[in-house]
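A.B. asks: These are the residues of each chain, in order.
Number of protein chains: 2
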Amino acid sequence: MKLKDEEKHDRLLAAAVTVLAKGGMANFSTTKVARLAGIPQSNLYIYFQNKQALLEAVYRMTVHQQSVAVVAALKEQEPLTTQIVASVRALYQFAIAQPETVTAIQTLLDDIKLKHKWGLKRDDLANQRIQQLLQDGVDQHVLRATDQNFLRYFLARPVFHYADGVRVGLYSDTPEALADLTAMIMGAVLQPDVYRAWYLERD
Amino acid sequence: MKLKDEEKHDRLLAAAVTVLAKGGMANFSTTKVARLAGIPQSNLYIYFQNKQALLEAVYRMTVHQQSVAVVAALKEQEPLTTQIVASVRALYQFAIAQPETVTAIQTLLDDIKLKHKWGLKRDDLANQRIQQLLQDGVDQHVLRATDQNFLRYFLARPVFHYADGVRVGLYSDTPEALADLTAMIMGAVLQPDVYRAWYLERD
Numbered sequence: 001m002k003l004k005d006e007e008k009h010d011r012l013l014a015a016a017v018t019v020l021a022k023g024g025m026a027n028f029s030t031t032k033v034a035r036l037a038g039i040p041q042s043n044l045y046i047y048f049q050n051k052q053a054l055l056e057a058v059y060r061m062t063v064h065q066q067s068v069a070v071v072a073a074l075k076e077q078e079p080l081t082t083q084i085v086a087s088v089r090a091l092y093q094f095a096i097a098q099p100e101t102v103t104a105i106q107t108l109l110d111d112i113k114l115k116h117k118w119g120l121k122r123d124d125l126a127n128q129r130i131q132q133l134l135q136d137g138v139d140q141h142v143l144r145a146t147d148q149n150f151l152r153y154f155l156a157r158p159v160f161h162y163a164d165g166v167r168v169g170l171y172s173d174t175p176e177a178l179a180d181l182t183a184m185i186m187g188a189v190l191q192p193d194v195y196r197a198w199y200l201e202r203d
Numbered sequence: 001m002k003l004k005d006e007e008k009h010d011r012l013l014a015a016a017v018t019v020l021a022k023g024g025m026a027n028f029s030t031t032k033v034a035r036l037a038g039i040p041q042s043n044l045y046i047y048f049q050n051k052q053a054l055l056e057a058v059y060r061m062t063v064h065q066q067s068v069a070v071v072a073a074l075k076e077q078e079p080l081t082t083q084i085v086a087s088v089r090a091l092y093q094f095a096i097a098q099p100e101t102v103t104a105i106q107t108l109l110d111d112i113k114l115k116h117k118w119g120l121k122r123d124d125l126a127n128q129r130i131q132q133l134l135q136d137g138v139d140q141h142v143l144r145a146t147d148q149n150f151l152r153y154f155l156a157r158p159v160f161h162y163a164d165g166v167r168v169g170l171y172s173d174t175p176e177a178l179a180d181l182t183a184m185i186m187g188a189v190l191q192p193d194v195y196r197a198w199y200l201e202r203d
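In order, the protein sequences belong to chains A and B.
Residue numbers are given in the numbering used here: position 197 of the first sequence equals residue 197, and the series is strictly consecutive.
Residue numbers are given in the numbering used here: position 139 of the second sequence equals residue 139, and the series is strictly consecutive.
Keep in mind that the hints are not guaranteed to be accurate.
With a straight-line cut-off of 35 Å between C-alpha atoms, the simulated DSBU-like cross-links for lysine-lysine are [claimed, not checked]:
1. A:51 - B:32
2. B:8 - A:22
3. B:51 - A:22
Note that these hints are calculated values from the structure, not bench results.
Model the full structure from these sequences, guided by the hints.
C.D. replies: And the structure:
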């Protein structure tokens, strides 16, 4: 077996993100990824056993990048509602800055079967931090006591939709539009009484 | 020009829905659609000028089918909040019954640029009825006064996500899960005071 090369490993992952973002799941192949990365396809298998392993690596990497971007905006001493608003804003900035990464994440999440199979990422500390935030939110009766997948869905997907819409001119990139979107997300995820208090006090 | 044949026209549209649902936008081609429909590709162009025209026809047909399913569940004499809840339930049943149609709609909506260009469907009376419901909701201060695209997004996409999740076993198909989802959607789209009143009085 050839020696692994971290730079090539990362180049393959980056190429995989691009192939996935441009062509979707049905078009994804290790042939295309290797070609885009400029690495012989046979060498790709040194790094990733097969297409599924490559997709799973893309999933872990992109979710980690997204989690890191969100966690950087969280301040533990702040109220949970403030942290959730900060996470929406951070996710929006991440989606605007990294459109291919976010498209790849959405493509992978849409293939719910895969996500279901892959499950949680125990070694992803940033992602763990977000899971803990959600769990704390439920335990403290700030977030609704429902399936955590529902909470994660409402906290992320509308933000990606808004960023996509800004990119093509469907939405305007204004503080007012982001504030509207944030209020809708908070209405969806917060306990009704907590939402009301937050809504009346927000600036 | 050969005589058009309504049955062939519909067969091509149905094949286009399947090709779109299975392979996504990047894989979509008139070659694949003609092959699946069992109609020579040259004949496809009798019905649809080009790929874009075929995609637009798919968009109009699937959105119309979705609109008809929703409108059938609306009772004009009922309060707007009751009608909105009924629309969520109807959309869920539609998504469970017509998974390919709903996947095709989502694929087309994700290509926001296309949707933006196609704009509204003035001759689709069922869709008009839903637009009117949303406009009435905003005018009567029941729905939030925000971009109607935000309202439509929150009213439909989480329902499709839930139906997809039920199909692969991520979510359970229970009245409780659908009630949770409905409450989250209502929290997102209703004016905060209207939401509070609805939430306290719901059965």
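A.B. asks: The structure should be examined with respect to each hint, and the outcome stated for every one.
C.D. replies: Right, here's what the structure says about each hint:
{"no.": "1", "hint": "A:51 - B:32", "result": "holds, 24 Å"}
{"no.": "2", "hint": "B:8 - A:22", "result": "holds, 32 Å"}
{"no.": "3", "hint": "B:51 - A:22", "result": "holds, 18 Å"}
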